[in-house]
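Asks: Heads up, the sequence shown is in the working numbering, so the first residue is 1 and it goes up one at a time.
As a list, the in silico EDC-like pairs of lysine to aspartate or glutamate whose alpha-carbon atoms are at most 20 angstroms apart:
id	residue 1	residue 2
1	Lys-105	Asp-40
2	Lys-22	Asp-78
3	Lys-105	Asp-24
4	Lys-33	Asp-15
5	Lys-105	Asp-15
6	Lys-101	Glu-39
7	Lys-33	Asp-48
8	Lys-33	Asp-78
9	Lys-22	Asp-102
10	Lys-22	Asp-86
11	Lys-33	Asp-102
Here are the simulated distance ranges between beta carbons:
id	residue 1	residue 2	range
12	Thr-173	Gln-212	41 to 51 angstroms
13	Ile-193	Gly-88	58 to 68 angstroms
14	Ser-170	Ser-209	49 to 59 angstroms
15	Arg-31	Ile-193	58 to 68 angstroms
16	Gln-98	Arg-31	18 to 28 angstroms
What the hints contain is simulated information worked out from the structure, not anything from laboratory work.
Note that the structure is a prediction, hence the values are computed from the model and not measured.
No residue lacks a Cβ here, since even glycine has one placed at the ideal position from N, Cα and C.
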Amino acid sequence: MSVHQPRSDAWELFDRIVVLSKGDVVFAGRREKCLGWFEDMGMGSPGDRADDGVAEKGSIDGGTDGGAGVNPLDWLIDICSVDPRDQGSAQRVTRLVQGWKDGGKGIANEHSPSRQSRILSDGIQRVPSIQPQEQEVLYANVDQEEGQPGSQPQALQRPGLIRQTVVLTSRATKGVSRDYAQILGFACQSIGIAILLGIAFLRLGESPSDIQSLKVRFRPR
Numbered sequence: 001m002s003v004h005q006p007r008s009d010a011w012e013l014f015d016r017i018v019v020l021s022k023g024d025v026v027f028a029g030r031r032e033k034c035l036g037w038f039e040d041m042g043m044g045s046p047g048d049r050a051d052d053g054v055a056e057k058g059s060i061d062g063g064t065d066g067g068a069g070v071n072p073l074d075w076l077i078d079i080c081s082v083d084p085r086d087q088g089s090a091q092r093v094t095r096l097v098q099g100w101k102d103g104g105k106g107i108a109n110e111h112s113p114s115r116q117s118r119i120l121s122d123g124i125q126r127v128p129s130i131q132p133q134e135q136e137v138l139y140a141n142v143d144q145e146e147g148q149p150g151s152q153p154q155a156l157q158r159p160g161l162i163r164q165t166v167v168l169t170s171r172a173t174k175g176v177s178r179d180y181a182q183i184l185g186f187a188c189q190s191i192g193i194a195i196l197l198g199i200a201f202l203r204l205g206e207s208p209s210d211i212q213s214l215k216v217r218f219r220p221r
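Kindly produce the complete structure, drawing on both the sequences and the hints.
Replies: Have a look at this one:
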């Protein structure tokens, strides 16, 4: 999941956070340990950078962000992004990536689900992804091993060219028929072109000048 223009109240909704910078992991672990990790890496806290141009797109309670009212998600994006105008940003990101490779495995391996997560997991009953009746329909036309009734199907049968053509044509037809705006646009376009052509060739006679208007010349390039 990627967060674009993150709201401050979304910070409390995450149990675990993965921060990437140019495809490299900068942090992966529990949300409660995220800000502390970057502080240990010498990045300070969100409040320390409040006066350095960090966008404040909403404040959260002081107990979470160090009392500065700065959105931690904005702060993380700021320190983990490479700014072409700032020569030190690339070195900072490189140091964060290397720091995580050297000492971040312990935090990444920690897994202590929150109380809400445990309650939700306990309440979920796992069910098969494919129900028995769905299996019968799915494998209805699949060849099974001869002499072994009830054996598991070896492979699904690939649909033929005619079947593929029918299915794809049906899907395309439904997609076009449900796009009313596109249909209206095509209709208006056809009517408009017909009107323009009708006006252009309206009441042409048989005189040389009128006949010249009907000629279409193809000249070689």
